[in-house]
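Protein chains in written order, with the numbering used here: chain A, 1 to 85; chain B, 1 to 85; chain C, 1 to 148; chain D, 1 to 148.
No lab work stands behind these hints: they were computed from the structure. All residues carry an ideal CB built from backbone N, CA and C; glycine is no exception. Hints may contain errors.
Computed beta-carbon distance windows for the label pairs [stated by the list, open to error]:
1. A:Ser-53 to C:Pro-50: 54 to 64 Å
2. C:Ser-10 to D:Gln-63: 26 to 36 Å
3. B:Asp-67 to C:Asp-36: 27 to 37 Å
4. D:Lys-55 to C:Lys-55: 42 to 52 Å
5. C:His-139 to A:Val-62: 22 to 32 Å
6. C:Ala-12 to D:Glu-23: 16 to 26 Å
7. C:His-139 to A:Lys-71: 28 to 38 Å
Below, simulated SDA-like cross-link-like pairs (lysine to any residue); rule was C-alpha separation at most 20 Å, straight line [unchecked claim]:
8. A:Lys-71 to A:Val-59
9. D:Lys-72 to C:Gly-41
10. D:Lys-121 to C:Ala-96
11. C:Lys-121 to D:Ala-96
12. D:Lys-130 to B:Ser-54
13. D:Lys-55 to B:Val-59
14. D:Lys-55 to B:Gly-17
15. C:Lys-55 to A:Thr-65
16. A:Lys-56 to A:Ser-18
17. B:Lys-5 to B:His-38
18. B:Lys-71 to B:Ser-54
19. D:Lys-121 to B:Val-59
Each chain, letter by letter, is given below.
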Amino acid sequence: MARIKILYFASIAEAVGSASELLNIPDHIATVKSLKSHLASRGSPWASCFSESSTKCAVNQVLATPDSSIKDGDEVAFFPPVTGG
Amino acid sequence: MARIKILYFASIAEAVGSASELLNIPDHIATVKSLKSHLASRGSPWASCFSESSTKCAVNQVLATPDSSIKDGDEVAFFPPVTGG
Amino acid sequence: MISIQQQDFSLADEYANLNTPGETGAIVTFVGRVRDFSDCGGGLYLQHFPGMAEKALQRIADQANKRWALQKLRIIHRVGRLATNEQIVLVGVASAHRAEAFAACEFIIDILKTQAPFWKKEGDTWLEAKASDSEAADHWLAEKTGEQ
Amino acid sequence: MISIQQQDFSLADEYANLNTPGETGAIVTFVGRVRDFSDCGGGLYLQHFPGMAEKALQRIADQANKRWALQKLRIIHRVGRLATNEQIVLVGVASAHRAEAFAACEFIIDILKTQAPFWKKEGDTWLEAKASDSEAADHWLAEKTGEQ
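Here chain A stands alone, though its shape is the one from the complex:
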């Protein structure tokens, strides 16, 4: 069982009504892709945010791919495409 911190930004934070949470995840959730499925399984509004392929993920502040691994103590952030500048 891994314990991770999840951060949400911008429209995603607004949709899920939270900026961060601490989450215990079972051992079979070991990649970004499986974490997204896990979050999407919470139902609306999570389902739509985390089935969106445009939703970006960073693990420990480095941009991640669906196959990036997630381990105990990681900080995992989810956010929409950036619009700064």
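Given chain A, put chains B, C and D in place with the hints provided.
Just chains B, C and D now, with coordinates in the frame of chain A:
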């Protein structure tokens, strides 16, 4: 017989030792090309300045070609390639 | 040098700092400002990902320094609530020659727009990423050998 | 607006004048400065062709305005004796969007360098025109359809 004003700039003014002159030119000198030959015929240092193909010419402050015509009252300027900015 | 801050900045001060007397031949600056979106109440709210945003700007600055011969560069990105006409972002680059300064300045803002974790909200609406911004960034990534 | 003058200019003042509150999204400025040529005594002497130089800058400004959607633009070129580190030339462009502002600003200085009748002297030597400047100008003339 046409009377024109000639202006010299930068390295050309320095070479010929003058910034401007008023010149009466015979009727057969009616183009930039023939004026350059006329000035080059004055001998050194004119010969080298006015046989240089890189020497630019403007007639009445508009960039001219060798075939541009020259008439009474014109202001004709000679200068090297520009180096501002 | 990179900064992420709520407070405004002074182009004049940043310009003065970019100059190295006798060495700098060209300084190019870009400033982005808030346009009038009064149909959404006006102004912008800018959110960022603290920590990751600083790293992203530093990485973009490092890439620009590696790709072009630059003397100094400066990136400032503001966050929080910004009213119409306020300054949002500054990119300033100093070089011996203008081609490098122009290329690096435009590169930095183009890459920043697509890679640095900042998000803009107008009124109640989070802005959508623009295809034109992705294309501008792709252009730099495609011409890796395009040093001028 | 274009100016040819002996006296120095203030980037801060020109930047403030380029802004149209609520409409301007991007301001790009370029400043060229005198680098150290101390082997020729230092500094520069800048000569221009009065009358024709103003017309040339105005024509370049008109071309930029025709080619890109600009809000304001400013060109200042100094003449006379300039010491090492002094400002020589300023080009400033304001637009709703950055791509236009960058393109127009670089276009103006590239074309100015090859078409406006100014000449620089370092010590006793009049500078020679650079092939790289001709190439930069040719690039703009070749991509007439390259509005971004």
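Quiz item: Keeping to a limit of 20 Å between CA atoms, is the pair of D:Lys-72 and C:Gly-41 held or broken?
Solution: violated, 26 Å
Practice problem: Given the hint of 26 to 36 Å, check if C:Ser-10 and D:Gln-63 actually sit that far apart at their C-beta atoms. | Solution: Holds: the Cβ-Cβ distance is about 32 Å, inside 26 to 36 Å.
Quiz item: Measuring from beta carbon to beta carbon, are A:Ser-53 and C:Pro-50 in 54 to 64 Å?
Solution: Between A:Ser-53 and C:Pro-50, where Cβ atoms are some 26 Å apart, the hint is violated.
Self-check item: Satisfaction of the hinted span 16 to 26 Å by the C-beta atoms belonging to C:Ala-12 and D:Glu-23
Solution: For D:Glu-23 against C:Ala-12, whose Cβ atoms are near 22 Å apart, the range 16 to 26 Å holds.
Practice problem: Look at the Cβ atoms of B:Asp-67 and C:Asp-36 and judge whether their distance stays inside 27 to 37 Å. | Solution: violated, 53 Å
Practice problem: Below or equal to 20 Å on CA atoms is what counts here, so check A:Lys-71 against A:Val-59. | Solution: holds, 10 Å
Self-check item: Satisfaction of the hinted span 28 to 38 Å by the C-beta atoms belonging to C:His-139 and A:Lys-71
Solution: Since the Cβ atoms of C:His-139 and A:Lys-71 sit about 37 Å apart, the hinted range of 28 to 38 Å holds.
Exercise. For the pair supplied as a hint, D:Lys-55 and B:Val-59, confirm whether the alpha-carbon distance does not exceed 20 Å.
Key: Since the Cα atoms of D:Lys-55 and B:Val-59 sit roughly 13 Å apart, the hinted pair holds (cutoff 20 Å).
Quiz item: Do the beta carbons of D:Lys-55 and C:Lys-55 sit within 42 to 52 Å of each other?
Solution: Given about 50 Å between the Cβ atoms, the range holds.
Quiz prompt | 20 Å limit on alpha-carbon distance, applied to hinted pair B:Lys-5 and B:His-38 | solution = holds, 15 Å
Practice problem: Would you mind confirming whether the straight-line C-alpha gap from B:Lys-71 to B:Ser-54 stays at or under 20 Å? | Solution: Violated. B:Lys-71 to B:Ser-54 sits at ~23 Å, over the 20 Å cutoff.
Self-check item: Pair hint D:Lys-121 and B:Val-59, alpha-carbon separation not exceeding 20 Å
Solution: violated, 24 Å
In the structure shown, a violation is registered for the earlier hints numbered 1, 3, 9, 14, 18 and 19, in ascending order.
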